[in-house]
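Respectively, the protein sequence lines represent chains D and B. The first sequence begins at 18 in this note's numbering and counts up one residue at a time. The second sequence begins at 2 in this note's numbering and counts up one residue at a time.
There could be a bad hint or two in this list.
[Unchecked claim] Below, computed lysine-lysine pairings styled on DSSO-like, alpha-carbon distance capped at 30 angstroms:
| id | chain 1 | residue 1 | chain 2 | residue 2 |
| --- | --- | --- | --- | --- |
| 1 | B | K192 | D | K138 |
| 2 | D | K138 | B | K195 |
| 3 | B | K234 | D | K114 |
| 4 | D | K153 | B | K195 |
[What the hints assert, rightly or not] Calculated from the model, a selection of chain D residues having no Cβ within reach of chain B, i.e. all distances over 10 angstroms:
| id | residue |
| --- | --- |
| 5 | V33 |
| 6 | K38 |
| 7 | M65 |
| 8 | V110 |
Note that these hints are calculated values from the structure, not bench results. Each residue gets a CB set at the ideal place from its N, CA and C atoms; glycine is no exception.
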Amino acid sequence: MNVEKITNGTVIDHIVSGKGKKVLSLLGINENYPYRVALMINMPSKKMGKKDIVKIEGFFVDEIKAHLIALVSPHASINIIRDEKVSKKFEAVLPEKLNIGKCPNPNCITASERGNAEFIKEGEFFRCTYCERQFKSSELV
Amino acid sequence: MIYMNIISMRDLDKKTVESIFSLAEKAEKGKLPERKGILATAFFEPSTRTKLSFQSAAERLGMKVVDFIPEVSSLQKGESFSDTVKMLDNYCDIIAIRHPKEGSARLAARLAKHPVINGGDGGNEHPTQTMIDLYTIKKEKGKLDGLNIVFFGDLKHARTMRSLIYGLGMFGANMILISPKGLEAAPEIVKETKEKFGVEIIEKNEMDFTNADVVYAGRIQEERFADKYEAKKVMEQFRLKLEYLKKAKKDAIVLHPLPRLGEIGPEIDDSGHARYFEEAANAVPIRMAIIQYALEK
Chain D
18 MNVEKITNGT VIDHIVSGKG KKVLSLLGIN ENYPYRVALM INMPSKKMGK
68 KDIVKIEGFF VDEIKAHLIA LVSPHASINI IRDEKVSKKF EAVLPEKLNI
118 GKCPNPNCIT ASERGNAEFI KEGEFFRCTY CERQFKSSEL V
Chain B
2 MIYMNIISMR DLDKKTVESI FSLAEKAEKG KLPERKGILA TAFFEPSTRT
52 KLSFQSAAER LGMKVVDFIP EVSSLQKGES FSDTVKMLDN YCDIIAIRHP
102 KEGSARLAAR LAKHPVINGG DGGNEHPTQT MIDLYTIKKE KGKLDGLNIV
152 FFGDLKHART MRSLIYGLGM FGANMILISP KGLEAAPEIV KETKEKFGVE
202 IIEKNEMDFT NADVVYAGRI QEERFADKYE AKKVMEQFRL KLEYLKKAKK
252 DAIVLHPLPR LGEIGPEIDD SGHARYFEEA ANAVPIRMAI IQYALEK
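Next comes chain D alone, as it looks inside the complex:
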């Protein structure tokens, strides 16, 4: 399966199989995005058995967006491409602190007041600093 190279943008490799579509959604890439996007699902991988890969022309993933990717696919490889060459490569890692969206607890005050929820990493879980409930990373997106 051959997919064209992109000139400027981001290639995200080693995404957990089946999570590629979710990664695009978290990055806000949808049918209205004007440039080329490739989503490859269940690609063979020596390390993972199966993996997803996405290529996005004209879109650059930064560390904050990488945190979002890590919530559904920790350790995904992010390659920033400029002039068809990898200019920067880094791994999606879970942050120690997250300020995103709303808390999954519907009775958390952040569900009804303006402003983002805030989560602190505690081992394999994240704790909402407001309602103090613990969540798995995948529950936050």
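Starting from the structure of chain D, add chain B where the hints point.
Using the frame of chain D, we list chain B on its own:
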């Protein structure tokens, strides 16, 4: 001046809680210095003991009290919680707050310039009640570490239970949690308390008060049951009877954060075990101490 918010037991350490106990002892002896200023009570949920004891505590310290009443406030015009807190903050020196949403007290503390004390936020925390409970047990038993505390009732929904499990763990007490099936304590609280403080916590569904130093009872929340007949059966089963205390220590005490409905049999009141009214009375010195500590930290 450094203010301190009192939001969650998880924010506090043993030294802080012991400092508050020392201030409460002084308050009981009338030895706390008078202070000026205004306490705002902002209770977005019904309350008898918490609100009135905060108001009484402030008055006894020499402070004045302003009371926010949601039903006759601009909340009725759609004003947000956040804006309401910012307004209250302009009119007082310290805020005691209760709200049905979890995390409301933490948000209030982040919005206000003055200290905020959590009087209960949804099903999350009730740290001042926990300090009252710990203080009462310490007064009665002379210590907290190594005691056997039996929790009895709905441990899933009661914020008092969440806070107290953590607070007792902090002081090295062992716990037996007896609750109806489906109303067990949140597993993460039990796990966290065990791991952090190395205390023993055993969960049971049947009555077993063997060697209990303290029985801490709570209300079965009928409104949580879809099947009202099932609720009635559970409420009957989870009524604390004097015969249950036969295997407890002779000087075992029974506490309850109140209000109680039917979960404590009337024979307990005169049995020599009941301490829930003393516990409610301790709310005033403890809340005097908390106000003092929060304003002077």
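Original post:
Has the given pair, K138/D with K195/B, been kept, meaning a C-alpha gap of at most 30 angstroms?
Top reply: holds (19 angstroms)
Original post:
Taking 10 angstroms as the cut and beta carbons as the points, is V110/D off the interface with chain B?
Top reply: holds (24 angstroms)
Original post:
Holds or violated: K234/B with K114/D, Cα cutoff 30 angstroms?
Top reply: violated (45 angstroms)
**OP:** Confirm or reject the statement that V33/D sits farther than 10 angstroms, beta carbon to beta carbon, from all of chain B.
**Re:** holds (25 angstroms)
Subject >> Distal placement of M65/D relative to chain B, Cβ over 10 angstroms >> reply: holds (30 angstroms)
Original post:
Would K38/D pass as off the interface with chain B, using Cβ distances and a cut of 10 angstroms?
Top reply: Holds: least Cβ distance 31 angstroms, greater than 10 angstroms.
Subject >> Satisfaction of hint between K195/B and K153/D, Cα-Cα up to 30 angstroms >> reply: Distance ~20 angstroms between K153/D and K195/B Cα, so the pair holds.
Original post:
Under the criterion that the straight-line Cα-Cα distance not exceed 30 angstroms, is the pair K192/B, K138/D satisfied?
Top reply: holds (17 angstroms)
Of the numbered hints stated above, the single one contradicted by the structure is hint 3.
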